[in-house]
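Undergrad: Given next are the chains, with one letter for each unit.
Protein chains: 2
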Amino acid sequence: MRWRKISDAVVRRLPIYLRVLDEIAQNDESALISSQELGNKAGVGPALVRKDLAWFGEFGKQGVGYEVEYLRSELRKILNLESEIKVALVGVGSLGLALTRYNVKRYSEDDSFNLHIVALFDDDPNKIGNTVEGIEIHPFSKVEEIIPQEGIQMAILTVPGSEAQRVADTLVKYGVKAFLNFAPTKLNVPPHVHVASSDLSLELQRLAYYLQD
Amino acid sequence: MRWRKISDAVVRRLPIYLRVLDEIAQNDESALISSQELGNKAGVGPALVRKDLAWFGEFGKQGVGYEVEYLRSELRKILNLESEIKVALVGVGSLGLALTRYNVKRYSEDDSFNLHIVALFDDDPNKIGNTVEGIEIHPFSKVEEIIPQEGIQMAILTVPGSEAQRVADTLVKYGVKAFLNFAPTKLNVPPHVHVASSDLSLELQRLAYYLQD
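These protein sequence lines are chains F and X, in that order.
According to this note's numbering, the first sequence holds residues 1 to 213 in order.
According to this note's numbering, the second sequence holds residues 1001 to 1213 in order.
Derived from the structure by calculation, the hints contain no laboratory data.
The C-beta atom is built at its ideal place from N, Cα and C for all residues, glycine as well.
There may be inaccurate statements among the hints.
[Said to hold, decoys possible] Derived pair list, reagent style BS3-like, types lysine-lysine, alpha-carbon separation capped at 25 Å:
no., chain 1, residue 1, chain 2, residue 2
1, X, 1051, X, 1041
2, X, 1077, F, 177
3, F, 105, X, 1186
4, F, 51, X, 1186
5, X, 1142, X, 1086
6, F, 41, X, 1177
7, X, 1105, F, 127
8, X, 1041, F, 186
9, F, 186, X, 1077
10, X, 1105, X, 1086
11, F, 41, X, 1173
12, F, 41, X, 1186
13, F, 105, X, 1127
14, X, 1142, X, 1077
15, X, 1041, F, 173
16, F, 177, F, 142
17, X, 1186, F, 77
18, F, 173, F, 142
19, X, 1086, X, 1173
20, F, 51, F, 61
21, F, 186, X, 1051
[What the hints assert, rightly or not] DEER-style ranges, computed between Cβ atoms:
no., chain 1, residue 1, chain 2, residue 2, range
22, F, 7, X, 1145, 41 to 51 Å
23, F, 61, X, 1057, 32 to 42 Å
24, F, 136, X, 1136, 54 to 64 Å
25, F, 12, X, 1023, 26 to 36 Å
26, X, 1057, F, 195, 30 to 40 Å
27, F, 8, X, 1166, 30 to 40 Å
28, X, 1062, F, 84, 47 to 57 Å
29, X, 1169, F, 40, 16 to 26 Å
Using the sequences plus the hints, can you model the full thing?
TA: Okay, here's the thing in structure tokens:
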């Protein structure tokens, strides 16, 4: 299910709420939580919490709060976290390696984490055929075959900036609908494709501004 | 210099403009650019480009555009990118390692990149005393001595979520004023301290939402 009119800003906050609920549920499965407390822990105001959750139905009870377990399972359904999502990573440099190891560890240890890197791509002949945590590194030309075959819908890009657009275009062609982009480039994608960017240099440069007296 | 009334949203866009200008200046040092073209490449509208840059003075000429080199050097001054900024990284796991390698490479290859990891901290006895790209790994207790001595104002946190707040509190106490936080936790910091968060799991979960039909 998908609520097409929900704004990106709301979708951005839902995983933050979910994390707060996950933490509480670990200690107390029958806990209740007020919008005030959920807001405090998520770093947003209680009115916004109520407004965000109201998009999806009537979860809370006035004066009682939300049942943590129920709200948690509803948020997981809304966010599409109930079924496995297969992910490809392109560009197995040091960042790509670290992200793959992190993902495999997280996926194996955390039952509620459903995003799973299943294929790696890199065009360096010294890397092709090697495995990382049991996942094989393929040449990029194999995208055509592996993306549809594995049903991969999401890709992590850890390629140089100059390669990112070309790589993204090819992945979109074979069925990828969401990117987590670490390349220092703005990707142009069709409207049905979503991109989240994580650009470490931009973040660091932004922070430098605030170091001035 | 620091323009205290500039909003975070503006500060967030300035490094994006700078990157566009950097790319153009590589090919043509005497280029001119219109707000339309700068906006297109940065992914924002031309009116917003003009408004953002107007905060800092009169850079452009009507009907002519901006001188790329001049605007670039002004943006670098505004963003505090002209002097070296020393950075500490805490938590030398796989992500911390990858970020350190990336930073050292970038800092050595790119003259215009001024953020430099100069100290690593980790409490794993197997790591203490080792070096990564020539940078020594210290026990966290040495923060007290090394942060003021090196004049470190910025820190990258790649520690577990459960450690992040304690680590941040200690770093703030000894003079850190900006964090790039990779730990899956919201940090509480005093008003003079700035935090940028890069939470990969949250980004992936947010993208999962958009994979639904």
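Undergrad: Work down the list of hints and note, for each, if the structure agrees.
TA: Taking the hints in turn, this is what the structure says about them:
1. X/1051 / X/1041: Between residue 1051 of chain X and residue 1041 of chain X the Cα gap is close to 16 Å, so the pair holds against 25 Å.
2. X/1077 / F/177: Roughly 39 Å between the alpha carbons, so the hint for residue 1077 of chain X and residue 177 of chain F is violated.
3. F/105 / X/1186: holds, 22 Å
4. F/51 / X/1186: This hinted pair holds, its Cα atoms lying about 21 Å apart.
5. X/1142 / X/1086: holds, 16 Å
6. F/41 / X/1177: holds, 23 Å
7. X/1105 / F/127: Roughly 20 Å separates the two Cα atoms, so the pair holds.
8. X/1041 / F/186: Holds, at about 8 Å.
9. F/186 / X/1077: Given pair residue 186 of chain F, residue 1077 of chain X holds - Cα atoms ~24 Å apart, limit 25 Å.
10. X/1105 / X/1086: holds, 15 Å
11. F/41 / X/1173: Between residue 41 of chain F and residue 1173 of chain X the Cα gap is close to 23 Å, so the pair holds against 25 Å.
12. F/41 / X/1186: Answer holds: residue 41 of chain F to residue 1186 of chain X is near 8 Å, not above 25 Å.
13. F/105 / X/1127: holds, 20 Å
14. X/1142 / X/1077: Roughly 33 Å separates the two Cα atoms, so the pair is violated.
15. X/1041 / F/173: holds, 23 Å
16. F/177 / F/142: holds, 18 Å
17. X/1186 / F/77: holds, 24 Å
18. F/173 / F/142: Since the Cα atoms of residue 173 of chain F and residue 142 of chain F sit roughly 13 Å apart, the hinted pair holds (cutoff 25 Å).
19. X/1086 / X/1173: holds, 17 Å
20. F/51 / F/61: Holds, because 14 Å separates the two Cα atoms, which is no more than 25 Å.
21. F/186 / X/1051: holds, 21 Å
22. F/7 / X/1145: 41 to 51 Å: holds, 48 Å
23. F/61 / X/1057: 32 to 42 Å: violated, 55 Å
24. F/136 / X/1136: 54 to 64 Å: Roughly 36 Å apart at Cβ, these two residues miss the hinted range, so it is violated.
25. F/12 / X/1023: 26 to 36 Å: holds, 29 Å
26. X/1057 / F/195: 30 to 40 Å: holds, 33 Å
27. F/8 / X/1166: 30 to 40 Å: Given range 30 to 40 Å: holds, Cβ gap about 33 Å.
28. X/1062 / F/84: 47 to 57 Å: holds, 56 Å
29. X/1169 / F/40: 16 to 26 Å: holds, 19 Å
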